[in-house]
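*Asks:* Sequence:
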Amino acid sequence: MAPEAIVGVWVGAELVPVAGFVAEVVVRQVRRHPVNDSWMARIGDRAPHYDGRVPVPPPDVNTWIALTHHALDVRIANEWLSRPECGAVVVFNGLVRDHAEGTTGVTHIDYEAYAEEVIPRMEALVEQARLRWPDLVRVVLWHREGRVMLAESSVVVAVSSPHRGTAFEASRFLIDALKATIPIWKKEFWNGGSEWARGSQHIVELVDLSSDVSGDATSDVEASR
Numbered sequence: 069m070a071p072e073a074i075v076g077v078w079v080g081a082e083l084v085p086v087a088g089f090v091a092e093v094v095v096r097q098v099r100r101h102p103v104n105d106s107w108m109a110r111i112g113d114r115a116p117h118y119d120g121r122v123p124v125p126p127p128d129v130n131t132w133i134a135l136t137h138h139a140l141d142v143r144i145a146n147e148w149l150s151r152p153e154c155g156a157v158v159v160f161n162g163l164v165r166d167h168a169e170g171t172t173g174v175t176h177i178d179y180e181a182y183a184e185e186v187i188p189r190m191e192a193l194v195e196q197a198r199l200r201w202p203d204l205v206r207v208v209l210w211h212r213e214g215r216v217m218l219a220e221s222s223v224v225v226a227v228s229s230p231h232r233g234t235a236f237e238a239s240r241f242l243i244d245a246l247k248a249t250i251p252i253w254k255k256e257f258w259n260g261g262s263e264w265a266r267g268s269q270h271i272v273e274l275v276d277l278s279s280d281v282s283g284d285a286t287s288d289v290e291a292s293r
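Under my numbering, the first residue of the sequence shown is numbered 69, with each subsequent residue one higher.
Simulated from the structure, these hints should not be mistaken for laboratory data.
Computed from a predicted structure; not experimentally measured.
Here a beta-carbon is modelled for each residue, glycine too, at the ideal position from N, C-alpha and C.
Be aware that a few hints might be false.
Below, a list of computed lysine to aspartate or glutamate pairs in the EDC-like style, where the Cα atoms sit at most 20 Å apart [as the list claims (entries may be wrong)]:
#, residue 1, residue 2
1, K255, E220
2, K255, E191
3, K255, E213
4, K255, E169
5, K255, D178
6, K255, E180
Label pairs and their computed distance ranges (CB to CB) [what the hints assert, rightly or not]:
#, residue 1, residue 2, range
7, Y182, P230, 32 to 42 Å
8, H231, I144, 16 to 26 Å
9, P230, G173, 42 to 52 Å
10, K255, P230, 32 to 42 Å
11, R200, N259, 40 to 50 Å
12, T172, L199, 33 to 43 Å
13, D203, D166, 34 to 44 Å
14, R200, V142, 19 to 29 Å
15, E185, R215, 18 to 28 Å
16, P127, S262, 42 to 52 Å
17, H270, E195, 22 to 32 Å
18, R232, G170, 30 to 40 Å
19, P230, G170, 12 to 22 Å
20, D128, D166, 40 to 50 Å
Kindly generate the complete structure, drawing on both the sequences and the hints.
*Replies:* What follows is the structure, encoded as structure tokens:
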């Protein structure tokens, strides 16, 4: 397989073009440290990973994946997903709630991620979704890392397609599969205590998930996460 063509590196809000030797150096560094992949822009179907500063992706990019410490703005996602050929946009906006299993008064959640695995696994989820629903147009998978306060967004999963059926089904699959397969763990805090969420400690491989998104492979995780 030929290497992906590198067009530039995001520095703040500016895409700095790179070519030749410089591009090769960038590729080598990214492969050595996969987490740095979030600062690259490639030709193809992936967007620069959103970190609160990176601009909206170019028009020819149809997948936007992010692991970020910055606040998530669903308005940006909705605007980017809306396309002339799309009759449906479905957005799931996951918030930090004030209670957990057996606990009330939750004040915030700390999310800890295995960053080197998060992005590749998210990409695999999107690939699987596009195989199941070929008419998907654009897909957003964003997840917070670090501390997220009460009522703030912790995860945004959103899709656009020509028809609502595809959008509803694909978004449900993506959020359920994300919760089950992506190595992000959460610790819930309340007045006087804290605890790692039990359901978030077991990560399932994508190949082990049931073909039915409401099946046993995801239902146990969904109930506790």
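*Asks:* Compare the structure with each hint and give your call.
*Replies:* Results of checking the hints against the structure:
no.	hint	in the structure
1	K255 / E220	holds, 15 Å
2	K255 / E191	violated, 25 Å
3	K255 / E213	holds, 11 Å
4	K255 / E169	holds, 12 Å
5	K255 / D178	holds, 5 Å
6	K255 / E180	holds, 8 Å
7	Y182 / P230: 32 to 42 Å	holds, 36 Å
8	H231 / I144: 16 to 26 Å	holds, 24 Å
9	P230 / G173: 42 to 52 Å	holds, 44 Å
10	K255 / P230: 32 to 42 Å	holds, 41 Å
11	R200 / N259: 40 to 50 Å	holds, 43 Å
12	T172 / L199: 33 to 43 Å	holds, 41 Å
13	D203 / D166: 34 to 44 Å	holds, 38 Å
14	R200 / V142: 19 to 29 Å	holds, 24 Å
15	E185 / R215: 18 to 28 Å	holds, 21 Å
16	P127 / S262: 42 to 52 Å	holds, 44 Å
17	H270 / E195: 22 to 32 Å	holds, 23 Å
18	R232 / G170: 30 to 40 Å	holds, 37 Å
19	P230 / G170: 12 to 22 Å	violated, 43 Å
20	D128 / D166: 40 to 50 Å	holds, 42 Å
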